[in-house]
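**Q** Sequence lines, in order, name chains A and B.
Residues 1 to 518 (the working numbering) are what the first sequence spells out, left to right.
Residues 519 to 781 (the working numbering) are what the second sequence spells out, left to right.
Treat the hints as calculated values from the structure; they're not laboratory data.
Cβ atoms here follow ideal geometry from the backbone N, Cα and C, with glycine treated the same way.
Do not take every clue at face value.
[Said to hold, decoys possible] Derived Cβ-Cβ restraints for the label pairs, each shown as a range:
id	chain 1	residue 1	chain 2	residue 2	range
1	A	53	B	722	29 to 39 Å
2	A	379	B	770	55 to 65 Å
3	A	490	B	718	25 to 35 Å
4	B	770	A	463	25 to 35 Å
5	B	686	A	445	55 to 65 Å
6	A	479	B	671	49 to 59 Å
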Amino acid sequence: MKSKLNLDPKVIDSARSCAGRIAESMQEFIEKHTTVSTERTIIRLLGVDGIDDVETPLPNVVVDQIKDAGVLSRGVAYWMGNTMIQTGLAPQEIAEKMSAGELDITKLKLATKEEAEAKIMPAVMDALKKINAQTKKREDYIARIGEGKKPYLYVIVATGNIYEDVIQAQAAGRQGADIIAVIRTTAQSLLDYVPYGPTTEGFGGTYATQENFKIMRKALDEVGEEVGRYIRLCNYSSGMCMAEIAAMGAIERLDVMLNDALYGILFRDINMQRTLVDQFFSRVIIGYCGIIFNSGEDNYLTTDDAYEAAHTVLASQFINEQFAVLANIKEEQMGLGHAFEMDPDMENGFLYELSQAVMAKEIFPKASLKYMPPTKFMTGNIFKGHVQDALFNMISVWSGQSLQLLGMLTEAIHTPHMQDRYLSIENAQYVFNNARDIGSEVEFKAGGIIQERAKFVLGEADELLHTIEEEGLFRTIEQGKFGGVKRARDGGKGLEGVCVLDENYFNPFIPLMMGGVR
Amino acid sequence: MTAINNATTKIDLTKVKPYGDTMNDGMVELAFTLPVPYGEEASEAAKQLVKKMGLDEPAVVYSKDMGGGFTFFTMYGKCQHTVDYTTIKVTKVEIETMDRVECQKYIEDNIKREVVVVGACSGTDAHTVGIDAIMNMKGFHGHFGLERYKGMNAINMGSQIPNEVLIAKAIEVKADAILVSQIVTQKDVHIANLTNLVELMEAEGIRDKMILICGGPRISHELAQELGFDAGFGSHSYAEDVASFVLTEIVKRAHYKHPTLGL
Numbered sequence: 001m002k003s004k005l006n007l008d009p010k011v012i013d014s015a016r017s018c019a020g021r022i023a024e025s026m027q028e029f030i031e032k033h034t035t036v037s038t039e040r041t042i043i044r045l046l047g048v049d050g051i052d053d054v055e056t057p058l059p060n061v062v063v064d065q066i067k068d069a070g071v072l073s074r075g076v077a078y079w080m081g082n083t084m085i086q087t088g089l090a091p092q093e094i095a096e097k098m099s100a101g102e103l104d105i106t107k108l109k110l111a112t113k114e115e116a117e118a119k120i121m122p123a124v125m126d127a128l129k130k131i132n133a134q135t136k137k138r139e140d141y142i143a144r145i146g147e148g149k150k151p152y153l154y155v156i157v158a159t160g161n162i163y164e165d166v167i168q169a170q171a172a173g174r175q176g177a178d179i180i181a182v183i184r185t186t187a188q189s190l191l192d193y194v195p196y197g198p199t200t201e202g203f204g205g206t207y208a209t210q211e212n213f214k215i216m217r218k219a220l221d222e223v224g225e226e227v228g229r230y231i232r233l234c235n236y237s238s239g240m241c242m243a244e245i246a247a248m249g250a251i252e253r254l255d256v257m258l259n260d261a262l263y264g265i266l267f268r269d270i271n272m273q274r275t276l277v278d279q280f281f282s283r284v285i286i287g288y289c290g291i292i293f294n295s296g297e298d299n300y301l302t303t304d305d306a307y308e309a310a311h312t313v314l315a316s317q318f319i320n321e322q323f324a325v326l327a328n329i330k331e332e333q334m335g336l337g338h339a340f341e342m343d344p345d346m347e348n349g350f351l352y353e354l355s356q357a358v359m360a361k362e363i364f365p366k367a368s369l370k371y372m373p374p375t376k377f378m379t380g381n382i383f384k385g386h387v388q389d390a391l392f393n394m395i396s397v398w399s400g401q402s403l404q405l406l407g408m409l410t411e412a413i414h415t416p417h418m419q420d421r422y423l424s425i426e427n428a429q430y431v432f433n434n435a436r437d438i439g440s441e442v443e444f445k446a447g448g449i450i451q452e453r454a455k456f457v458l459g460e461a462d463e464l465l466h467t468i469e470e471e472g473l474f475r476t477i478e479q480g481k482f483g484g485v486k487r488a489r490d491g492g493k494g495l496e497g498v499c500v501l502d503e504n505y506f507n508p509f510i511p512l513m514m515g516g517v518r
Numbered sequence: 519m520t521a522i523n524n525a526t527t528k529i530d531l532t533k534v535k536p537y538g539d540t541m542n543d544g545m546v547e548l549a550f551t552l553p554v555p556y557g558e559e560a561s562e563a564a565k566q567l568v569k570k571m572g573l574d575e576p577a578v579v580y581s582k583d584m585g586g587g588f589t590f591f592t593m594y595g596k597c598q599h600t601v602d603y604t605t606i607k608v609t610k611v612e613i614e615t616m617d618r619v620e621c622q623k624y625i626e627d628n629i630k631r632e633v634v635v636v637g638a639c640s641g642t643d644a645h646t647v648g649i650d651a652i653m654n655m656k657g658f659h660g661h662f663g664l665e666r667y668k669g670m671n672a673i674n675m676g677s678q679i680p681n682e683v684l685i686a687k688a689i690e691v692k693a694d695a696i697l698v699s700q701i702v703t704q705k706d707v708h709i710a711n712l713t714n715l716v717e718l719m720e721a722e723g724i725r726d727k728m729i730l731i732c733g734g735p736r737i738s739h740e741l742a743q744e745l746g747f748d749a750g751f752g753s754h755s756y757a758e759d760v761a762s763f764v765l766t767e768i769v770k771r772a773h774y775k776h777p778t779l780g781l
């Protein structure tokens, strides 16, 4: 494809290879560590589920006991495999006995690493079979009933009650939504466990639980059949339980998941070591089961200036792309994020936004780019807000975005009401249809505002990436280069859950998933 | 054209009602959804409801099937009620806002020491857009934040800060003022959290030693005072509005004479 922005491919290559080296250097760190939530993910994948009498999830019970015994560095896969050998019990039975205080799995006779790995392998293959069946089901649905045109219309539900969410989500599906995201209750990202069962109480959103995933999946499949269009389900593989929620998403057939360590570090103050390790396993799972991940660069523009900080978004997209490459994620599954957040009073702001959106598409042509709507300068003037959203929709169809999170005219007032969602879907459908092929029809003036803006942002991103390579990613975050937010390497939440691996550690899922074993 | 100036168009401030294009036409536009299936019965239900809201001649100008037994309406009606504007009283933050340079000079001239302000998005709220707009260097919409104010030490603790942690920090740095931002108001979670902060400060015995301010799109000065805060700032407030209030309060309360606030 010829660049309409006349971007210099040498600068793109320079930035991309630099981001590749940054991700590689982080990967060295990641591969020497595990975390309590990464280990709980293994336990979940092995089929352990349920809670104890004080509502502690069994995966937490198992991992905490191993951690408290000081032997987490060997990995729960070893301890589970060994216990299966020594007791003849299945993983769920082991977890229940541990919870009842009837079994200390760190005090048994010890088999070798190879024996434990062999013993656990059937349970591992069962998990993969379950996940593959869901991936296949998605493919079948899309082949049989079809899907919406890109940009996919992406809306949120956030009532706090999963059953109320279902009503809203089904209505949105009937109105034309292609993706439904169930917003999580505020602060779930900071819980070091995943709540259990169906939930009806939440603030600003609904708990991400496996049961809630299942309920919503079923509801969307029903509407999908009814309207003849597969409706994708989105949730958050982020926060302290990033990888566990990715596993739940794989098992319950989620299609899109927010997943971005940098976001957690900057905006939720989660410890950077913790979340980068968790991100790796979660992305391996996401890549394996065909989920599209969304990164959170759009958020930088809510805390930093959207015009001045545009290059930080691009730099972070490059890094997120390279982290994804290391987790073996296909380009089509990379929902790199950006946003339409410039001050509406800015002269030619539309041209700059257009330039940056086209730039993202030219630099990441196969990625499923996620484009986020105006929020920072939505004022409560719902009428103007609706126009801002229309301009945003215009850029989306023009630049060929994939996932269009629809702007709501009532942004900054309340979580969307049913009619808000309808109005924004109608707005997007109108603009997309009315300007469908504008991108392939219109070219940009050589050396004009649009071309020059993209060239400038790309140049700055390349420069920033080289600074990051020199300083290291940890240090860059400490200096507040992303989103204007500073975080310390040893600060934030969850550091106590990070653990250095010993030489006998193994996570059986990573090699199998990365190898694409079906 | 002379008719435009006839006496009936004159406003009576004791009987104010909405204005569409003619004085006292009472025109109101509404948009809402009813949980009933689309159709003539739905429109009739909407009209009856709007009539009960006190609007004459309710008219459905648009209705749309939302699916699943829900119908959306855009409607107009003529308001029958009036209010007496002449008796209205609103509690507002009654100060003259100084700009940043004036604030800095005010500190230099009247307080003569560093002013310490601690801010946070407290409780479970993770939306820092408000506190960032007031505190961060860059501010919002061309209005620089408190971090840029000379003579002021502005500490933005960020999101999801428990009230206990916020108070501990304020005591540690001997803060003159605490700023709390609350964006999420679903199920009135902000009311419980703000009330809790006041109670904790009272229990610590520092409530009257610090200026306590809350802000957010759903926060009014009146609500803030009801909850036991000194001031509340809603949308369209900037750093200089908050700074002006804090600085004049410090002087008014003579806190500047007690740099340690007795802590």
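**Q** Taking the CB of residue 479 of chain A and the CB of residue 671 of chain B, does the distance hold inside 49 to 59 Å?
**A** Taking Cβ atoms as reference, residue 479 of chain A and residue 671 of chain B lie about 21 Å apart, which means the hint is violated.
**Q** CB of residue 490 of chain A to CB of residue 718 of chain B, is that within 25 to 35 Å?
**A** Given range 25 to 35 Å: holds, Cβ gap about 29 Å.
**Q** Honestly, do residue 53 of chain A and residue 722 of chain B meet the 29 to 39 Å range at C-beta?
**A** The hint (29 to 39 Å, Cβ to Cβ) holds, given that residue 53 of chain A and residue 722 of chain B are roughly 36 Å apart.
**Q** Within 55 to 65 Å or not, the Cβ separation of residue 379 of chain A and residue 770 of chain B?
**A** 32 Å, violated
**Q** Verify the CB-CB distance for residue 686 of chain B and residue 445 of chain A against the hinted window 55 to 65 Å.
**A** 58 Å, holds
**Q** Has the hinted range 25 to 35 Å been met by the Cβ atoms of residue 770 of chain B and residue 463 of chain A?
**A** About 50 Å separates the Cβ atoms of residue 770 of chain B and residue 463 of chain A, which means 25 to 35 Å is violated.
Checked against the numbered hints given earlier, the structure breaks hints 2, 4, 6 and satisfies all the rest.
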